[in-house]
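**Q** Sequence:
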Amino acid sequence: MAKSYTFMFAALVVLALLVSPIACSRKLGKPSKHKLIHKAAARAHRNHTTTPAASDSYGSGGWLSAVATYYGAPNGDGSDGGACGYQTAVGQPPFSSMIAAGSPALYKGGKGCGACYEVKCTSNSACSGQPATVVITDECPGCSETYHFDMSGTSMGAMAKPGMADKLRAAGIFQIQYKRVPCKYSGVNLAFRVDQGSNPFYFEVLIEFEDGDGDLNAVDIMEAGCGSWTPMVQNWGALWRYNSNTGKALRAPFSLRLTSDSGKVLVANNVIPAGWKAGATYRSLVNYS
Numbered sequence: 000m001a002k003s004y005t006f007m008f009a010a011l012v013v014l015a016l017l018v019s020p021i022a023c024s025r026k027l028g029k030p031s032k033h034k035l036i037h038k039a040a041a042r043a044h045r046n047h048t049t050t051p052a053a054s055d056s057y058g059s060g061g062w063l064s065a066v067a068t069y070y071g072a073p074n075g076d077g078s079d080g081g082a083c084g085y086q087t088a089v090g091q092p093p094f095s096s097m098i099a100a101g102s103p104a105l106y107k108g109g110k111g112c113g114a115c116y117e118v119k120c121t122s123n124s125a126c127s128g129q130p131a132t133v134v135i136t137d138e139c140p141g142c143s144e145t146y147h148f149d150m151s152g153t154s155m156g157a158m159a160k161p162g163m164a165d166k167l168r169a170a171g172i173f174q175i176q177y178k179r180v181p182c183k184y185s186g187v188n189l190a191f192r193v194d195q196g197s198n199p200f201y202f203e204v205l206i207e208f209e210d211g212d213g214d215l216n217a218v219d220i221m222e223a224g225c226g227s228w229t230p231m232v233q234n235w236g237a238l239w240r241y242n243s244n245t246g247k248a249l250r251a252p253f254s255l256r257l258t259s260d261s262g263k264v265l266v267a268n269n270v271i272p273a274g275w276k277a278g279a280t281y282r283s284l285v286n287y288s
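In numbering that gives the first Met the number 0, the protein residues as written are 0 to 288.
The hints are simulated quantities; they were obtained by calculation from the structure and are not laboratory data.
Honestly, I wouldn't trust all of these hints.
Here are the simulated EDC-like cross-link-like pairs (lysine to aspartate or glutamate), alpha carbons at most 16 Å apart as the crow flies [stated by the list, open to error]:
hint, residue 1, residue 2
1, Lys107, Glu144
2, Lys183, Glu117
3, Lys276, Glu117
4, Lys178, Asp219
5, Lys107, Asp260
6, Lys110, Asp219
Hey, can you work out the whole structure from these sequences and the hints?
**A** Structure (structure tokens):
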């Protein structure tokens, strides 16, 4: 009889293990920086969005004071990607060199990467007074003022009167006005560029071209067969990371849940496919609207 009870108990344990949900807990490893290489986009996946009741952060519409300088070539893109990790994408559409390095209050430890601002100036005779839109793609840790835009030569020239871009760039540091605006990347979907350092046990991704807020406060990941979300950790700039501590490879496809600066949520279902490759870029079918 004792042997019979022992057999029945063992059978119940095996059955419980078979029907239990797959454990999805993962250890979040130490930060690491990797150089990014842009590769061709792979096939897209469908997504859905939800919007919380929280008010949008662009309601006031008022202009605020800041200062501006420029860096890099006079008609260039500042630098290749800088502290957000966008690399050469800063000089290509949709950024098209209309970028700026932000002081720490604008860069926000990388959480400000991708945010869009209108900037204009009237403090110099070369200023047109007309606004130009720039994207934060870099950090300017040594910028002298709390709100300081160290702009690409191209974006600074966009604030000038026709034929006076060089004169404006020669002004050094000067006063400008700025305000936060929604990013608008017409016809461009979200891009998820897998970092070259990723492997079956470690996943790191650069997220770019978010409409609306442009920047992200949080990213969560769901592995195949998991059924629950796990927070990713911002590694640096616009890169987010996630790794296994089970000794087993991460299970793709991965779904990613993005939370923007104002709390808007977008879910990219299975956007990173099974058989994903380090260095590849995968695109969603939709973007924030």
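**Q** All the hints need checking, so say for each whether the structure fits it.
**A** Evaluated hints:
Proposed proximity of Lys107 and Glu144 is supported: the alpha carbons are some 14 Å apart, at most 16 Å. Between the alpha carbons of Lys183 and Glu117 the distance comes to roughly 12 Å, so the proposed pair stays at or under 16 Å and holds. Annotation: proposed proximity of Lys276 to Glu117 is violated, straight-line Cα distance about 37 Å (limit 16 Å). A C-alpha spacing of about 29 Å is found between Lys178 and Asp219, which places the hinted pair above 16 Å, so the restraint is violated.
For a cut-off of 16 Å, the pair hint linking Lys107 to Asp260 stands: about 11 Å separates their Cα positions. Straight-line distance between C-alpha atoms of Lys110 and Asp219 comes to about 15 Å, which keeps the hinted pair within the 16 Å bound.
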